[in-house]
Amino acid sequence: MENTISEQPSEEHLQAETIPESFSEPISDTAFNKFFLEVASLTSFTWRFFKEVVKPPYEINELMKQSFLIGYKSLPLIGITGFIIGLVLTIQSRPTLAKFGAESWLPAMVAVSIIREIGPVITALIFAGKVGSGIGAELASMNVTEQIDAMQVSCTNPFKYLVVTRVLSATIMLPILIILSDAIGLLGSFVGVNLKGNVSSYLFFSQIFQSLSFGDLVPAFIKTIFFGFAIGLIGSYKGYNSYKGTEGVGKAANSAVVFASLMVFIIDMVAVQITSLFQN
Amino acid sequence: MRRMTINATSLKAEKEDTQNDHIVVRMEHLTKTFGDNHVLRDINLVMNKGENLVVLGKSGTGKSVLIKSIVGLVEIDEGNLFILGQNISQLNENELIEIRKKIGFLFQSAALYDSMTVRENLEFPLRRQVHKIAKEEMNSLVKEALLNVGLANTIDLWPSELSGGMRKRLGLARTLILKPEIILYDEPTTGLDPITSKEISHLILDVQKKYNTSSIIITHDIGCTKLIANRIIVLKDGICAAEGSYSDMENSSDKWIRSFFE
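Protein chains in written order, with our numbering: chain A, 1 to 280; chain B, 1 to 262.
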C-alpha cells in the first residue's frame, strides 16, 4: 500500500493520539490473547499426538532408539544427582532430628521425602533441563534446516516419526529413571547415615520399608508418568513450532526448559491435592 | 482455507493431460496468500516431460512457494494443480502419497538428516517408500546413487563432515535414489563457489539426460540457467511476467527482464 504524508493531521489521527497505546493495539497482539492462542495451539498439538499415537504404522525402531537416547544416556546424570540428594538430605537432617532425640527416624524420614517428593520432582527437573531442551533444540534445528519438510517429501509423517516417538519415550523412561534415582538416593542416604554412625544395611533398609506404605509409592509413581509426558510434549511442541532461523533454535530450547519445569511443579501441586483427598 | 475450483474446464484439462502424456505439471490460476501478502496471484504454467524449466525472479516473489505447492508442503488457496495428469485436489491421502513418490525435491540447504550418516540418509527414503527391500539391493542402490554424484568414498561419513558442495550433491543423490519422474530444485547452486556451482549445474544436466527427468529449477544463478534451461519463466509480483528460451529472455524488449541477464 502506498504511504502518503499529509500536511495536516487527520481527525482519526488526532483521536488515535489520545488513546493509550495498550488500548489501541489490535486485540490479537495483547499478552492475554497470546497466552490463550498458545494454550489453544498446545491443546491442538496434544490432540494430534493422541490421534497419531493410535494410528498405524507404528515407529517401533525410532521409539527404541529414542528410549535409548532419552533413558539410558540420562542414567549417569540422574544417578549422580540422586546419590547426592540422598547423601545431602541425610547429612542436613541429622542435626535437627538429633535435637529432638529422633535420630533413629532419619532413614524413614529421608525415604519418605525422597520417594514421595524430592526424588520425582528433582529428577523431573533435571530431565526437563537435559531431555526437554534437547528435544526442543533438535526439532527446532531440523525445522530451520528444512529436515522436517524433507521428511514429509519422503512420504514420512514427521509428526509421528519425530514427535510421537519422543513423547512416548519420555513418558516411559522418566518413571524408570525416577525409580532408579530413588534407589540410588536411598543408597546415598545409607552412606550419609554411616558417615557419623554405624548402621547396618539390614537395619537401615528394613526401617525404610516399614515406614513406606502403598499410599506413598503409587501416587509418586503415577505423577512421574505425567511429568515425563509433559516434558516430552512441551519439548516437542516448542521445537516443532519454532520460528525459522537460528534464534528460533535457542528460544525453543530455552522455553522448553522453562515451560516444562513450570509444568512439573503444576502437576506436582495437583497430584499432591488429589493424593491428600484420597488419604483423608 | 483451501478452495479449489473443480469445474468443466479443470476436468477437461485433466483429460487432456492424461491423453497428452508429455505434460507432467499443469497449473491453472494458482493463488496463494500469506496474511495480506499475495505471494502467487494467478499462475498458469505447464511443464513438459523431459524438460528443464528454470524459474527466475526477485527474492520473495513466490518461487519457492510455487514448487513447494507441487509436493504439498504449501497448500494452495485457489486454482487447479495437475501432476502427471491427476488433479491433486481430488486425490485421497494414499493417492497423494503415490504421486509424491514420483517427485524428488532438492532443498536449498540440502536438508540432510544430521543424526544419520551418509548411508543412512540415502537409505531413509528407500526404507520409507519401498517396502520389503533386500539389504543387498539397498546397498547397491546407495552405492549407485553416490557414484552418480561422485561421492562414492563418503558412505560412512556424517553430514557435518561434508563441504557445502558435497552436501548439495548428497542431497541430489538422496533425491535420485527413488528415480523420480519430476525433480524440483530450490536454488541448487546458492552459496557455492563458481566451480562447484558449475559442477552442480552439469550434474543437473546429466540427471536429465540419464533418467529423462522433468525438472523445475529455482535459481538466481544465470550461468547455471544458461547451461541447463530448456525454458525460462520469470515471476514478478506473483504472476508469470515472461516466458521463453534463454536467448528470448536475454533479448527481451522489457528492460526489467533483460536486467536479470546483464
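What the hints contain is simulated information worked out from the structure, not anything from laboratory work. Incorrect hints may appear among the rest.
Per the computed footprint, the stretches of chain A lying under chain B, defined by three or more beta-carbons under 8 Å from a beta-carbon of chain B, are [stated by the list, open to error]: (1) 153-163; (2) 214-225.
Straight-line alpha carbon distances no greater than 25 Å define the calculated DSS-like cross-link-like pairs of lysine-lysine that follow [as the list claims (entries may be wrong)]: (3) A:K65 <-> B:K132; (4) A:K160 <-> B:K132; (5) B:K102 <-> A:K160; (6) B:K132 <-> A:K244.
The beta carbon of each residue, even a glycine, is placed where N, CA and C say it ideally should be.
Hints, one by one, checked against the model:
With 4 residues carrying a beta carbon less than 8 Å from a beta carbon of chain B, the region 153-163 of chain A meets the three-residue requirement, and the given coverage holds. For the region 214-225 of chain A, the stated coverage by chain B is not satisfied: 0 residues place a CB nearer than 8 Å to a CB of that chain, which falls below the threshold of 3. A C-alpha spacing of about 21 Å is found between A:K65 and B:K132, which places the hinted pair at or below 25 Å, so the restraint holds. A hinted pair counts as satisfied when its Cα atoms are at most 25 Å apart, and A:K160 with B:K132 qualifies at roughly 21 Å.
Restraint check for B:K102 and A:K160: the C-alpha separation of about 22 Å stays at or below 25 Å, so the hint holds. For the suggested pair B:K132 and A:K244, the alpha carbons sit about 36 Å apart, so the restraint of at most 25 Å is broken.
Hint compliance for this structure: hints 2, 6 are not met, and every other hint is.
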